[in-house]
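Q: Fit chain R to the supplied structure of chain X, relying on the hints for placement.
2 protein chains.
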Amino acid sequence: MSSTDKPGDTEYRPTSSTPAQAAAGVDYFKFDVILRFLLFAASLVSVVVIVTGNETKFLPLPRPAKFRYSPAFVYFVAALSVAGLYSIITTLASLYAIKNPALKAKLLLYFILWDVLILGIIASATGTAGGVAYVGLKGNKHVNWGKICNVYDKFCRHVGASVAVALFGSIVTVVLIWLSAYSLHSRVPK
Amino acid sequence: MSSTDKPGDTEYRPTSSTPAQAAAGVDYFKFDVILRFLLFAASLVSVVVIVTGNETKFLPLPRPAKFRYSPAFVYFVAALSVAGLYSIITTLASLYAIKNPALKAKLLLYFILWDVLILGIIASATGTAGGVAYVGLKGNKHVNWGKICNVYDKFCRHVGASVAVALFGSIVTVVLIWLSAYSLHSRVPK
Numbered sequence: 001m002s003s004t005d006k007p008g009d010t011e012y013r014p015t016s017s018t019p020a021q022a023a024a025g026v027d028y029f030k031f032d033v034i035l036r037f038l039l040f041a042a043s044l045v046s047v048v049v050i051v052t053g054n055e056t057k058f059l060p061l062p063r064p065a066k067f068r069y070s071p072a073f074v075y076f077v078a079a080l081s082v083a084g085l086y087s088i089i090t091t092l093a094s095l096y097a098i099k100n101p102a103l104k105a106k107l108l109l110y111f112i113l114w115d116v117l118i119l120g121i122i123a124s125a126t127g128t129a130g131g132v133a134y135v136g137l138k139g140n141k142h143v144n145w146g147k148i149c150n151v152y153d154k155f156c157r158h159v160g161a162s163v164a165v166a167l168f169g170s171i172v173t174v175v176l177i178w179l180s181a182y183s184l185h186s187r188v189p190k
Numbered sequence: 001m002s003s004t005d006k007p008g009d010t011e012y013r014p015t016s017s018t019p020a021q022a023a024a025g026v027d028y029f030k031f032d033v034i035l036r037f038l039l040f041a042a043s044l045v046s047v048v049v050i051v052t053g054n055e056t057k058f059l060p061l062p063r064p065a066k067f068r069y070s071p072a073f074v075y076f077v078a079a080l081s082v083a084g085l086y087s088i089i090t091t092l093a094s095l096y097a098i099k100n101p102a103l104k105a106k107l108l109l110y111f112i113l114w115d116v117l118i119l120g121i122i123a124s125a126t127g128t129a130g131g132v133a134y135v136g137l138k139g140n141k142h143v144n145w146g147k148i149c150n151v152y153d154k155f156c157r158h159v160g161a162s163v164a165v166a167l168f169g170s171i172v173t174v175v176l177i178w179l180s181a182y183s184l185h186s187r188v189p190k
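Chains X and R are the protein sequences, given in the same order.
If you use full-length UniProt numbering, the first sequence corresponds to residues 1 to 190, in order.
If you use full-length UniProt numbering, the second sequence corresponds to residues 1 to 190, in order.
It should be emphasised that the hints constitute simulated quantities derived from the structure, not laboratory data.
All figures in this text were calculated on a predicted structure; none of them were measured in a lab.
Errors might be hidden in some of the hints.
[Claimed, not checked] Result set (DSSO-like, lysine-lysine): computed pairs, CA atoms no more than 30 Å apart in a straight line:
| # | chain 1 | residue 1 | chain 2 | residue 2 |
| --- | --- | --- | --- | --- |
| 1 | R | K190 | X | K99 |
| 2 | X | K138 | R | K141 |
| 3 | R | K190 | X | K147 |
| 4 | X | K30 | R | K106 |
So here's chain X without its partners, still in its complex pose:
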């Protein structure tokens, strides 16, 4: 009988339970931290491998091959450095959100907005470096661009490995955005 005297009390419970239930959602922040750390590792490895690929051949004069001789590889190194720095900052933000769950919905939105930009940067840089590296590997007889990987084998191995790791980094970024989007969607009331 006391429940009928206080209708406000019976009304309050469902309203409070619904957003709380929805706001819980599916929580992937631990995966998020792991993936962001993977992105950082991929960016670091990628930059280190291409930078250490410098090679000098004596043909018979010394002719060095360096990543900074190609604007495509310079852009690649710059883009992956940005991605590495970004992944450090967002790993910290993600760790902070685990301790402050109230921030999570807002942070998921910001993660998607920025991750998309970083994906654009990494993907285009991987494409740029990969495209030029492919010309170096195969050459292009239509325009008389000779292949160079038969001469600079170490340089080409490093560039190839670096591009492959950056491709892995792009895939990690795609999965990161998928996780955030899925996590955000699970908070929307059905």
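A: Below, chain R alone, put in the same frame as chain X:
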């Protein structure tokens, strides 16, 4: 007194109003349709411009320049064709969602998941074609790759314009994902 006899009735109203209010969110589906049409236009223009760039010079023998001579440009045309096809399908899906608002939250999630993949494809293709086009424009004296744009001016103009339009398409895709993410976030209860 009849309301106290049916507590289920008083409980029902707040629960139904909360998700309805949240599910309304901010609705950007009209912008979504416009942007997806823009992406379609950009993809189409980009493919048509690079395909029509074929040029033959007599030096003195006939030496044609065609996009299909470069694997980078072939990948570019394939990627942009996929993006064009995808944008037609999703424009229709977006129009369908305007008439069926119940689908919107689910569709926003799917849009983000697929748009991210398409962004990766367009951005990497733009980078690949742009990187090779830049070598064609400037050459690279370190590896004796001569510039070719002083010979094939029309071909290079077409490639450059096509890459620029594809870059615009990438930016449109980024904005599309931003819109979907923001719209999804606005449906999450505060």
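Q: Please flag the earlier hints that this structure goes against, numbers listed from lowest up.
A: 3
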